[in-house]
Amino acid sequence: MARISAGVTTSHVPAIGAALDNGKADQPYWQKVFSGYEFAKRWIAEQRPDVVLLVYNDHASAFSLDIVPTFAIGCAERFQPADEGWGPRPVPVVEGHPELASHIAQSVIQQDFDLTIVHRMDVDHGLTVPLSLMFGQPAAWPVRVIPIAVNVVLYPPPSGRRCFALGQALRRAVESFDADLNVQVWGTGGMSHQLQGPRAGLINREWDNRWLDRLITDPEALAAMPHIEYVREAGSEGIELVMWLIMRGALDPRVRVLHRFYHVPASNTAVGHLILENEP
Amino acid sequence: MSLERPYLDVPGTTIFDADQARRGYHLNQFCLSLMKSANRERFRADERAYLADWPITEAQRNAVLDRDYNRMIALGGNIYFLAKLFSTDGQSFQHVAALMTGMSQEAYAAMMLAGGRSPDGNRYVGEKK
Numbered sequence: 001m002a003r004i005s006a007g008v009t010t011s012h013v014p015a016i017g018a019a020l021d022n023g024k025a026d027q028p029y030w031q032k033v034f035s036g037y038e039f040a041k042r043w044i045a046e047q048r049p050d051v052v053l054l055v056y057n058d059h060a061s062a063f064s065l066d067i068v069p070t071f072a073i074g075c076a077e078r079f080q081p082a083d084e085g086w087g088p089r090p091v092p093v094v095e096g097h098p099e100l101a102s103h104i105a106q107s108v109i110q111q112d113f114d115l116t117i118v119h120r121m122d123v124d125h126g127l128t129v130p131l132s133l134m135f136g137q138p139a140a141w142p143v144r145v146i147p148i149a150v151n152v153v154l155y156p157p158p159s160g161r162r163c164f165a166l167g168q169a170l171r172r173a174v175e176s177f178d179a180d181l182n183v184q185v186w187g188t189g190g191m192s193h194q195l196q197g198p199r200a201g202l203i204n205r206e207w208d209n210r211w212l213d214r215l216i217t218d219p220e221a222l223a224a225m226p227h228i229e230y231v232r233e234a235g236s237e238g239i240e241l242v243m244w245l246i247m248r249g250a251l252d253p254r255v256r257v258l259h260r261f262y263h264v265p266a267s268n269t270a271v272g273h274l275i276l277e278n279e280p
Numbered sequence: 001m002s003l004e005r006p007y008l009d010v011p012g013t014t015i016f017d018a019d020q021a022r023r024g025y026h027l028n029q030f031c032l033s034l035m036k037s038a039n040r041e042r043f044r045a046d047e048r049a050y051l052a053d054w055p056i057t058e059a060q061r062n063a064v065l066d067r068d069y070n071r072m073i074a075l076g077g078n079i080y081f082l083a084k085l086f087s088t089d090g091q092s093f094q095h096v097a098a099l100m101t102g103m104s105q106e107a108y109a110a111m112m113l114a115g116g117r118s119p120d121g122n123r124y125v126g127e128k129k
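These protein sequence lines are chains F and U, in that order. One point on numbering: in the working numbering, the residue at position 1 of the first sequence is 1, and numbering is uninterrupted. One point on numbering: in the working numbering, the residue at position 61 of the second sequence is 61, and numbering is uninterrupted.
Only chain F is shown next, with the shape it has when bound in the complex:
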C-alpha cells in the first residue's frame, strides 16, 4: 500500500530560482534564505520519497485565461519547465507518475472533487522552485512528481475548507493505491506578500507566524478563515496559503514539527517552510 509519510510547505518565489540559476546562491542576501533549507536537504536525502504530490499554482504559464481550472492534476509522464518570458529555467524535466496520478484522479472524483485532468502542461516556478529548494541542482530530480495545480490567480480561489477536505481525499486516494510507495505532499506558495499596486511589499510577520502555529495545531479551524482575511492581512498574493491546507489535510490531526523556518524577505515575499510528520 502507498502511504503519505510527511508534509512539506515552502514558498516558491521566482527570484529564488533565478538566484540559483544565475550562481547568486552564495550572496549573503540569498544565503539567509537557503540556510533555512539545509535541514530539509539532509532530511529528504534520508527519506528518499518515491513520489511528491506537489500542490502549487500555475502563474499564467500553463493555463491562459481561456481555461482556468480550480483544481487540476497532472497525469502526464513528464512536464517541461515553462518559458515564463525569459526562457525556461535550466532545471531537469519533471518526471510524473501517470499510474498513481490517474488512480488519484479517479478516487478523488469519486469522493466528490471534480479535478481537471491534464495530460500536457508545462510547469513554472511555482513547481520547480520548491524542487530546487529541497534538492538543490541535481542532473535529474530524484523523485517523481504529480503536479496538483490550484487556481489562486482568478478570484475566488477555492475556500480553505475545500482545500483541507481535498487533502483528506488525496490521502484516502494514496492509501488505496496498490503499490508500496513512499509519498510526500508539499504545499507551496505564500507567505504574506503583495506583488501589485501601491500596497506592494506588504509583509505581516506576526500574522504569518500565528497562521503557522494554527496550521500545525488547529488546521481544521484555520481552514474556515475567509479569503478577505488573507487579502487584508497577508496581501493579495498571500491568498496562496490556502494551498498549504491541502498538504495539512493529507496528514493526521496531530503532527510533529521536524523543521520550521521563517524569513523576510525573498524579493517581495515572506518565506515560510515547515516539515511535518504524523505522530508515530
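No wet-lab data here; the hints were simulated from the structure. Treat the hints with care, as some may be off.
If you only want the chain U side, here are some residues facing chain F, beta carbon under 10 Å, derived [stated by the list, open to error]: (1) Tyr7; (2) Ile15; (3) Ser104.
Note that the Cβ used here is the ideal one computed from N, Cα and C, for glycine as well.
Go by the hints and put chain U onto chain F.
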C-alpha cells in the same frame, strides 16, 4: 444578486475577479504571447506593430507602451500575466513592484530588507496610520 466583493476597501489593491478578467482578457492574452522567444523578438523590434494584432483598447495599448503597470491592472491586467511583459524587458518582480508603489527600487528594496510594508494603516481605505 450581484457578486459579493468584500475586497473593494483594501487600499492600493485590485483583486483580479471575474469582472477584471473579462475586461482584461485580450490584454492578458497578449502578455502570454510573449512566452515564445520569436514573439518576444517581434515585439521588441516594433511594439506598436505587434500590439496592432491584438484587439485591446487604446487605453490598454497606451498603458503597455508606457509600461504603466498600475494602469494596466486597473484596465484588467493581472500581475502574473503582466510578468511576461516585464520579463521580456528583463525586469524582476521587485523592480516592477517598486514602480507600482512610486518608490525608487533602492528605497523599496531597503523597505523589504527592513521587514516589508507594515499592515498597520494599510488594511482599510481611509484607515489612520
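Notebook entry, point to check: Against chain F, is U:Ile15 within 10 Å by beta-carbon distance?
Noted result: With a closest approach of 5 Å, the U:Ile15 hint holds.
Check: Quick one, is the U:Ser104 hint okay against chain F at 10 Å, beta carbons?
Finding: violated, 13 Å
Item checked: U:Tyr7 as an interface hint toward chain F, with CB separation required under 10 Å -> holds, 5 Å
Hint check: a violation occurs at hint 3 only; the rest are consistent with the structure.
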